[in-house]
Amino acid sequence: MEKEVLFDRIDRYLQGMMEEAERAAFEKEMEQQPTLKQEVALHRELAEAVGEKEVQAFEAVLNKVHEAYRSQQAAQPAPVVSMKREAPAGGKGFLVAAWRRHGRYALAAAVVLLALIFLPRLIPQQPSPEALFAANFEPFPNQFQLRGEQDSLLNQFAAFYGQQQYSQALQVLAQLEAADPSLKNQLAFYRGICELATGNTPAAIEALQPLQESPLLGENARWYLALAYLKEGQTTTASQLLNQLVQEGSTYAPKAKKILDQL
Amino acid sequence: MSNHSFTDLELIEGIRNSDERKLSYLYQNYLPGIVRYVTQNSGKEADAHDMFQEALIVLFRKVRQEDFQLTASLQAYLYSICRHLWLKHIRDSRLGKKSEIQEYDAVDLDADTTEEITKSGRMRLFRHYFKLLDEKCRTILELYFEKIPMREIAQRLDTTEGYVKKRKFVCKNKLIEMIRKDHRYQELAFGEYQT
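As they're listed, the protein sequences go chains Z and P. With the working numbering, the residue at position 83 of the first sequence is 83, and numbering never jumps. With the working numbering, the residue at position 180 of the second sequence is 443, and numbering never jumps.
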């Protein structure tokens, strides 16, 4: 009961609920009794500790950051960084000690290893035929002359082709091939481009091969055919076609020569 | 991990705003050194992690003070707080003699900071025990510490003022008894607490 009365007085003092005279008397009592003063300080700090919402929020963020740090550490343990003026004679951890003893050799070994991995990539090398294909392949611009709004299949094809949606464009092409035999060569050419773009190189070669001697499309067909052979790794066939383009003085000649130089 | 580095001023701002990216940077760059110091001086890695967190909370308290000024590098200041905490821990737990402690580049901490370190420790200890109280106790004390009138607390909890008053005493008494039993409380006591 005595304690309850004491707590009540402390609370009323801390909450500013005492009259002036009572407060003055209480403060005088505190000065005379260090234990009372300590008790008041404890009660004051209890309220402060529970009320410190900002610090608690900061603690919560720290816990989150710490957890993320620990997960990362568990995934990839790193050597401990020194913050001492001088390296001590002996450490407690085996790994730390080993790092100190063999650190420079380990570092040298790591440098050699990294060099072995990365150096070949830094030295200029001949690009692979496939890389040459990737560097040079660009879908041919759509040159179909649209024949009015009623020609919806051509419109659909043009839309898909323009948006580089080649799979859908191929589906429309199949319908067009069946519907309009007069467009056979042009459709085959665009089929070749679409097949190349979707990665179906054999189908592209099959579509483009018959067009090599076409007066209208031959030059374009040979260029894309050369790229298709490059992608397939058939460099000899690709080179023959590219040479032909160079000798003809084709619009593709500069590009063809550049590839030939790299092959 | 980002290779981006921050200036001390940016990091202090980051602590003040609880910026996760900058706090993460502090863990990545400064904690490994603390771990090494602690593990070389009779401690475990987990001790270093706890201490680092404690030091950051002390920093958070400090940087929010209007007159806060960094007199050394943030790294040196942070290390010095950790060193202070660890020396105190060693002393209190009698793990080793202070002379055996391997020293590193620490700066002398001012009295304000050492006081803040001790106070921060007490606050955490108090909160630790507060969380162990039952929910009703926590609610009543929390509302009371926010200076909500007893009558209103009773209304909110759908009970009588007399009950709230009684519970407030019981809960607070329980909390204080738990705290007093913890040896850390005596270690953290200073100034007004000193006997």
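None of these hints come from the bench; they were simulated from the model. Do not rely on the hints blindly, as some may be mistaken.
Straight-line C-alpha distance at most 35 Å; calculated DSBU-like pairs for lysine-lysine [as the list claims (entries may be wrong)]:
1. P:K351 - P:K429
2. P:K444 - P:K399
3. P:K382 - Z:K28
4. Z:K184 - Z:K64
5. P:K437 - Z:K28
6. Z:K28 - P:K285
7. Z:K53 - P:K428
8. P:K285 - Z:K37
9. Z:K53 - Z:K3
All values derive from a computational prediction rather than experimental measurement.
To see whether the hints hold, each was checked on the structure:
1. P:K351 - P:K429: Violated, because 39 Å separates the two Cα atoms, which is more than 35 Å.
2. P:K444 - P:K399: Distance of about 23 Å is within 35 Å: holds.
3. P:K382 - Z:K28: 25 Å, holds
4. Z:K184 - Z:K64: 65 Å, violated
5. P:K437 - Z:K28: 28 Å, holds
6. Z:K28 - P:K285: At roughly 49 Å apart (the allowed maximum being 35 Å), K285 (chain P) and K28 (chain Z) break the hint.
7. Z:K53 - P:K428: Within the cut-off at roughly 24 Å; holds.
8. P:K285 - Z:K37: 41 Å, violated
9. Z:K53 - Z:K3: 29 Å, holds
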